[in-house]
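Peer 1: Listed below, chain by chain, are the residues.
There are 2 protein chains.
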Amino acid sequence: MAEGGGAVEEKITMMHGGGGVFMNMLIRGHILPRFDAGGPEPEIPAEHMPDSAVIDGIAFTTDSYTVKPLFFPGGDIGRLSISGTVNDLTVVGAEPLAVSCGLIVEEGLPIRTLDRILESMAEAASEAGVRIATGDLKVVEKGKLDELIINTSGIGVRSSLLDANLESAGRSLESRWLTPLNIKPGDKIIVSGTIGDHAVAVMTAREEMGIRARVESDAAPLNGLMREALKVGGVVAAKDPTRGGLAALLNEWAEVSGVGIMVDEERVPVSEQVRSACDILGIDPMDLANEGKLVLAVAPHMAEEVLQSLRNHPLGKRAEIIGEATKEYEGVVVRTGIGGLRYLPMPAGDPVPRIC
Amino acid sequence: MAEGGGAVEEKITMMHGGGGVFMNMLIRGHILPRFDAGGPEPEIPAEHMPDSAVIDGIAFTTDSYTVKPLFFPGGDIGRLSISGTVNDLTVVGAEPLAVSCGLIVEEGLPIRTLDRILESMAEAASEAGVRIATGDLKVVEKGKLDELIINTSGIGVRSSLLDANLESAGRSLESRWLTPLNIKPGDKIIVSGTIGDHAVAVMTAREEMGIRARVESDAAPLNGLMREALKVGGVVAAKDPTRGGLAALLNEWAEVSGVGIMVDEERVPVSEQVRSACDILGIDPMDLANEGKLVLAVAPHMAEEVLQSLRNHPLGKRAEIIGEATKEYEGVVVRTGIGGLRYLPMPAGDPVPRIC
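Just so you know, the protein sequences line up as chains A and B, in that order.
Position one of the first sequence corresponds to residue 93 (this note's numbering), numbered consecutively onward.
Position one of the second sequence corresponds to residue 93 (this note's numbering), numbered consecutively onward.
Don't read these hints as lab results, they were simulated from the structure.
You may find that some hints are simply not true.
Chain copies aren't distinguished; within one or between two, either way the pair holds.
Below are the SDA-like pairs computed for lysine to any residue, each with C-alpha atoms no more than 20 Å apart in a straight line [what the hints assert, rightly or not]:
id : residue 1 : residue 2
1  : Lys419    : Gly278
2  : Lys419    : Leu373
3  : Lys103    : Phe163
4  : Lys160    : Asp238
5  : Lys103    : Glu219
6  : Lys419    : Glu308
7  : Lys103    : Gly302
Construct the complete structure from the given sequences, taking the supplied hints into account.
Peer 2: See below:
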């Protein structure tokens with residue numbers, strides 16, 4: 093940007109928070125270059141923007157939750173905040189140890205509302221077997237905040253199942269953590285269930301959206317589900333498709349691994365309710381955020397067994413192998429129902445702002 | 093609170109965020125009881141609300157920064173956010189390892205403003221020798237947030253100086269971390285420099301306050317200063333007097349330790365500028381927030397030497413022994429300049445909202 097004169101000043105837009113191209117540009121252009129110094133070297137390169145950093149063997153992550161409204165079918169900001177942070181630790185191959193609770197509250201919020209949300213955080217933490225160990229409370233004047241923001245950060249330690257899991261891949265890997273760097277052509281891509289549920293649930297809770305699907309958010313801590321997959325073995329990369337959905341996740345994997353990804357659209361599980369909501373709104377379910385789904389890249393010979401292990405867990409009943417890594421294409425390619433091929437681009441941002 | 097009927101609904105007030113009586117009631121009444129379960133037991137009891145939790149040997153803390161305005165004499169929200177979290181790790185006896193950066197940005201914030209703040213975070217992290225290892229970015233619609241909130245969480249490991257330091261106390265201690273549980277009658281209370289600078293600097297930056305003191309915020313990472321004290325030894329408790337100031341800190345220490353604290357008012361370092369700003373506004377400097385000061389409880393035979401070590405460090409030049417723990421009184425008692433005694437109560441909240 094040119095200084096002074098008649099230059100147009102660049103400003104933050106909603107798209108910068110959308111988990112897609114604009115957010116990545118801001119993070120890669122303005123944030124990471126300034127922070128890349130000092131202290132011990134991270135075990136997963138920061139430029140790949142892993143869901144958790146690993147420093148001296150400790151997995152460490154942070155997420156702020158600005159979801160609107162605070163309550164939606166299947167969950168609330170409390171459940172979301174614990175699940176999201178537990179999942180960020182889970183997907184690098186860590187077992188969550190503790191999370192923090194940073195509450196930023198608008199003056200005037202009923203204490204009863206806060207109580208419900210705290211209760212929900214406690215329940216989700218108990219599901220995940222993780223302690224809410226430290227916290228902070230700030231209050232902002234009425235009109236200067238939209239009810240409540242929660243930041244949860246988390247720490248975790250290397251899962252005791254990870255070494256054996258990686259060994260089962262049967263080949264040498266780039267990283268001893270779960271990262272897309274490990275993906276090679278032939279690896280199968282598995283999603284643990286239907287996509288888009290969280291985004292549609294939040295949209296229905298916003299009265300202005302005009303859709304009334306009966307869909308519940310999938311918000312859930314996934315460390316238990318992940319343990320089942322790791323016990324089987326052969327998992328080389330994992331991630332939960334939050335902002336920007338499966339489209340952002342797969343594009344990130346293709347970019348980091350340098351390997352193309354082919355997805356069979358008909359095999360991607362989408363509930364009928366989500367499908368019709370997407371049709372009405374003209375949105376691709378691949379772009380929608382999830383808060384209780386795992387995407388795994390698995391060595392081909394282990395994929396069927398990992399799939400079965402997911403399906404045997406209550407949170408993975410509708411798991412599917414949806415595609416594979418391939419050297420035939422660059423980026424992400426979708427085979428459509430009628431047999432055609434289309435590129436699936438990195439979304440500019442999430443179609444639904446403040447989804448998490 | 094009675095349910096339904098004509099009951100008055102309890103709501104969050106600005107005082108709940110003020111670091112005093114109201115905040116403690118909310119945390120002890122609504123938050124801690126719900127979170128006290130699951131995962132490994134913390135090494136410092138949660139009910140004492142330590143600045144950092146210690147879980148499986150890892151110190152872990154979180155703080156959100158809502159300071160207004162974003163820039164003030166001597167610092168900005170970026171410097172503050174790194175310093176505050178580094179200091180929370182430091183005061184339990186940990187050496188900071190990494191911090192996170194959770195940015196919550198209002199739509200429309202100039203990217204140039206964000207750049208200045210990120211630069212400032214990087215500088216403070218470099219001063220502290222700590223890596224900004226992980227982050228998150230959320231954007232909220234214009235009018236739904238006041239420019240920018242930053243959450244920084246931090247992880248640390250036990251300082252290599254801590255064991256020898258505790259041994260130098262020359263007595264058995266309740267905790268192997270720095271906590272007020274360790275305080276015994278006779279321990280000297282040391283403050284590392286002038287108090288109230290941060291609060292007055294922020295107040296002068298708010299045009300509506302009508303005071304024009306030339307005071308700079310003390311916001312600084314204190315792990316280097318703390319190292320000097322720990323090298324000497326005999327430090328049994330430490331804390332930085334943020335929201336609620338020295339008054340809240342000392343009352344918390346008296347409550348947790350069950351030992352009274354006597355402070356000699358004339359020995360508490362206060363700059364002339366802060367003193368006169370306080371006179372104009374009718375505020376006690378003891379209630380004002382600091383972001384670059386340490387308060388230490390030190391075994392009596394080590395206190396003079398610790399004092400000298402602080403004074404030899406650029407951040408501790410105006411350190412003073414301001415009082416001592418005593419069994420003669422309960423709570424916190426101040427000996428005034430004219431020789432009288434007054435109780436110093438736990439403040440209801442910070443006199444300056446959104447100070448950090």
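Peer 1: Looking back at the numbered hints, which does the structure fail to meet, lowest number first?
Peer 2: 2, 5, 6, 7
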